[in-house]
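Construct the complete structure from the given sequences, taking the supplied hints into account.
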Amino acid sequence: MFYERKTKDKNIIHYIWLPISLFFMFFGLLATVGPSPAFYVLGVVYLIMCIMPLITFWRTRNAGFLAVSFFQLMVGLVCLSAPAAIEDRSEIGLIPVFLVAMYISMLVSFYLLFNRKLKWRGQEIFELAAMPVEDIGDNFTARPRPAGQVPISKTEMIRFVDFITVNLIAFAFREDNRIVFVLTLPGNDYPYILGLKKDYLNDTWVAIDFDGNVSVNITEEDYLLFKQDLDFDQLCQSLGNVFAEFLELSKSGRESQIIDRMNALRLNPLS
Amino acid sequence: MDYKTAAQLSAYLSKDYSEDFFKLLVNYQDISASEAASRLSLHIRTAQDFLEGLAALGIVNKTEVHEKKRPYFRYNLADTKISLAVDLNDFAKEDPGEGLARLVREMKDTGANFTVARSGDCFSFVTIWEGDGRERKVHKISLTTPQGKFLFHLPFPKARPLSIADVMENAGVEPDYSAEIQDIVDELADRGVIEIV
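Residue numbers (my numbering), protein chains in the order written: chain L, 1 to 271; chain H, 1 to 197.
Derived from the structure by calculation, the hints contain no laboratory data. For clarity, every value in this text was computed on a predicted model and none was experimentally measured. We put the CB at the ideal spot given by N, CA and C, even for glycine. There's no promise every hint is true.
Pairs of lysine-lysine residues, derived as DSS-like cross-links and limited to a Cα-Cα distance of at most 27 Å, are as follows [stated by the list, open to error]:
1. H:LYS23 <-> H:LYS4
2. L:LYS197 <-> L:LYS154
3. H:LYS4 <-> L:LYS8
4. L:LYS227 <-> H:LYS158
5. H:LYS81 <-> H:LYS140
6. L:LYS227 <-> L:LYS154
7. H:LYS81 <-> H:LYS15
8. L:LYS6 <-> H:LYS81
9. L:LYS10 <-> L:LYS227
10. H:LYS62 <-> H:LYS81
11. H:LYS108 <-> L:LYS6
12. L:LYS10 <-> L:LYS197
13. L:LYS197 <-> L:LYS251
14. L:LYS251 <-> L:LYS154
15. L:LYS198 <-> H:LYS108
16. L:LYS117 <-> L:LYS10
17. L:LYS8 <-> H:LYS62
18. H:LYS140 <-> H:LYS158
19. L:LYS227 <-> H:LYS108
20. L:LYS251 <-> L:LYS117
21. H:LYS4 <-> H:LYS62
On the chain L side, residues computed to face chain H include the following (Cβ under 7 Å) [to be verified]:
22. ASN139
23. ARG143
24. PRO146
25. GLN149
26. ARG178
27. ALA207
28. PHE232
29. ASP233
Here are the simulated distance ranges between beta carbons [what the hints assert, rightly or not]:
30. H:THR5 <-> L:GLN228: 52 to 60 Å
31. H:GLY172 <-> L:MET52: 39 to 47 Å
32. H:ARG191 <-> L:MET25: 35 to 43 Å
Structural data, given as structure tokens:
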């Protein structure tokens with residue numbers, strides 16, 4: 001499918017800063033204080049890091065994060081076991097087991113990563129929403145907008161929320177009379193995952209109440225993600241339509257088509 | 001009686017010395033400001049302003065007299081009964097049909113902040129900033145539920161404007177609320193938040 005990209009990619013620094021920092025930290029320590037402290041520090045860092053995917057799994061039920069967490073745990077264990085084995089080869093212990101587990105979990109993690117199973121889909125949603133929208137000049141306004149109505153039962157809504165959350169399409173806030181889906185870009189999800197952000201007022205969201213009313217809010221920051229000055233009214237309506245369409249597909253059990261539509265955009269799996 | 005006259009009259013009636021003043025006026029054939037002031041222990045300027053105000057409202061008559069000195073005024077009650085009746089129907093929006101046909105949408109770059117109500121389907125407040133620097137003032141308008149629903153459905157800037165009646169229909173606001181909807185439209189149009197096309 002050919003289409004004109006309408007959103008800007010995030011700066012590459014956003015997703016390479018962590019591995020680069022770890023790389024420099026490890027080799028910096030290796031050069032200055034020797035291999036043992038370097039392996040120990042890297043091991044502790046990985047053990048701490050493996051908590052985050054676990055929390056993400058707990059919040060989203062996306063099992064892919066278990067593989068990531070397991071991979072980081074194995075890296076941590078390998079690093080913590082390595083200094084003893086470097087000094088005395090007979091102390092190799094469980095390192096081969098850890099290494100095998102690390103490589104397998106790494107392959108699984110990379111497979112999931114490049115198949116966009118671990119990617120927050122905010123940008124893809126924005127692309128889908130922007131497709132039918134014209135570039136007629138900036139007319140942004142910082143307020144929500146109603147975007148139509150979709151018939152929905154509570155059971156269908158629960159199923160839809162589960163699907164949206166597990167597939168990292170949006171982060172769902174459950175309220176008394178509606179569900180608010182907050183669109184998150186990769187890297188912007190941590191405040192929600194860690195529970196640091198208790199509300200969504202300053203974010204882009206799509207809300208669907210139990211009567212089926214859809215309302216949409218797009219923040220200025222996210223509006224500036226688009227390369228063109230898209231008609232804001234049309235954009236909000238289109239974003240609401242995308243969710244309404246997803247909801248219809250979910251209701252008819254065709255959730256895989258939702259994923260296919262987003263994958264067909266072929267956005268960078270890391271961005 | 002129009003509202004402004006009634007408000008002015010009410011202001012005079014509410015002064016703490018007004019009752020004593022009217023007791024003098026009803027019992028004297030006529031009285032000058034200095035006589036009333038000395039009788040009520042008021043400053044002559046206070047008495048004069050009070051009587052001039054009543055004369056302007058037609059409650060007392062004012063007559064210029066000359067008694068071998070500088071001319072001055074004497075005042076007497078025009079009528080011993082004061083009726084204060086205000087018809088609030090005068091405030092009802094005129095020609096609501098035409099008013100509801102006006103095309104509206106949000107003005108671009110208003111800087112107004114719309115606060116979403118807990119229900120999520122309407123606004124509860126509109127906050128408008130006026131002026132710059134130290135002179136900047138915040139004006140927060142609390143909205144009724146129909147007003148909040150109406151504004152929630154107001155077309156965005158540059159979007160196709162809709163008539164007030166259409167926006168009300170989209171918002172599910174009953175026609176009974178058209179007067180209060182028009183009131184908020186006029187208010188926000190005056191403050192540059194809503195554009196009437």
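Tested hints:
Distance hint between H:LYS23 and H:LYS4 is fulfilled; the C-alpha atoms sit about 25 Å from each other, no more than 27 Å. Only pairs whose Cα atoms come within 27 Å are accepted, and L:LYS197 paired with L:LYS154 is accepted, the gap being roughly 26 Å. Among the hinted pairs, H:LYS4 with L:LYS8 is inconsistent with the structure: their alpha-carbon atoms are about 60 Å apart, more than 27 Å. Using a Cα cut-off of 27 Å, the hinted pair L:LYS227 and H:LYS158 holds, with the two alpha carbons roughly 19 Å apart.
The hinted pair formed by H:LYS81 and H:LYS140 fails the criterion: a straight-line CA distance of about 43 Å is larger than 27 Å. Proposed proximity of L:LYS227 and L:LYS154 is contradicted: the alpha carbons are some 38 Å apart, above 27 Å. Restraint check for H:LYS81 and H:LYS15: the C-alpha separation of about 18 Å stays at or below 27 Å, so the hint holds. The straight-line distance between the Cα atoms of L:LYS6 and H:LYS81 is roughly 77 Å, outside the 27 Å bound, and the hint therefore fails.
A distance of roughly 12 Å separates the Cα atoms of L:LYS10 and L:LYS227; the hinted pair therefore holds under the 27 Å criterion. For the hint linking H:LYS62 to H:LYS81, the alpha-carbon distance of about 17 Å falls within 27 Å, and the restraint holds. Proximity of H:LYS108 to L:LYS6 is assessed by CA-CA distance (about 23 Å); at most 27 Å being required, the pair is judged to hold. Between L:LYS10 and L:LYS197 the CA atoms are separated by roughly 22 Å; this keeps the pair inside 27 Å, and the hint holds.
About 30 Å separates the Cα atoms of L:LYS197 and L:LYS251, which puts this hinted pair outside 27 Å; it is violated. Proposed proximity of L:LYS251 and L:LYS154 is supported: the alpha carbons are some 11 Å apart, at most 27 Å. About 31 Å separates the Cα atoms of L:LYS198 and H:LYS108, which puts this hinted pair outside 27 Å; it is violated. Between L:LYS117 and L:LYS10, the direct Cα distance comes to roughly 19 Å. Compliance with the 27 Å bound is thereby established for this hinted pair.
Note on L:LYS8 and H:LYS62: the hinted pairing is violated, with a Cα-Cα distance of about 80 Å set against a maximum of 27 Å. Distance restraint check for H:LYS140 and H:LYS158: the Cα-Cα separation of roughly 25 Å lies within the 27 Å cut-off, and the hinted pair is therefore satisfied. Distance hint between L:LYS227 and H:LYS108 is fulfilled; the C-alpha atoms sit about 20 Å from each other, no more than 27 Å. For the hint pairing L:LYS251 with L:LYS117, the CA-to-CA distance comes to about 22 Å; that is within 27 Å, so the pair holds.
Taking the CA atoms of H:LYS4 and H:LYS62, the gap is about 22 Å. The hint holds against a cut of 27 Å. Proximity of L:ASN139 to chain H holds as hinted, the smallest CB-CB distance being about 4 Å (cut-off 7 Å). Residue-level restraint check for L:ARG143 holds (minimum Cβ-Cβ distance to chain H is 4 Å; threshold 7 Å). For L:PRO146, the suggested interface contact is upheld, since its CB lies about 6 Å from the closest CB of chain H, less than 7 Å.
Taking 7 Å as the C-beta contact cut-off toward chain H, the hint placing L:GLN149 at the interface is violated, the least distance being around 11 Å. Interface restraint check: L:ARG178 against chain H, minimum CB-CB distance 5 Å, threshold 7 Å, status holds. About 6 Å separates the beta-carbon of L:ALA207 from the nearest beta-carbon of chain H, less than 7 Å, and the hint is met. Among the interface hints, the one on L:PHE232 holds; its C-beta lies about 6 Å from the nearest C-beta in chain H, closer than the 7 Å criterion.
Among the interface hints, the one on L:ASP233 holds; its C-beta lies about 4 Å from the nearest C-beta in chain H, closer than the 7 Å criterion. Checked against the hint of 52 to 60 Å, the pair H:THR5 and L:GLN228 passes, with Cβ atoms roughly 59 Å apart. For the hinted restraint 39 to 47 Å between H:GLY172 and L:MET52, the CB-CB distance of approximately 44 Å keeps it satisfied. The hint said 35 to 43 Å for the Cβ distance between H:ARG191 and L:MET25, and at roughly 56 Å that hint is violated.
In this structure, the hints that do not hold are numbers 3, 5, 6, 8, 13, 15, 17, 25 and 32, in rising order.
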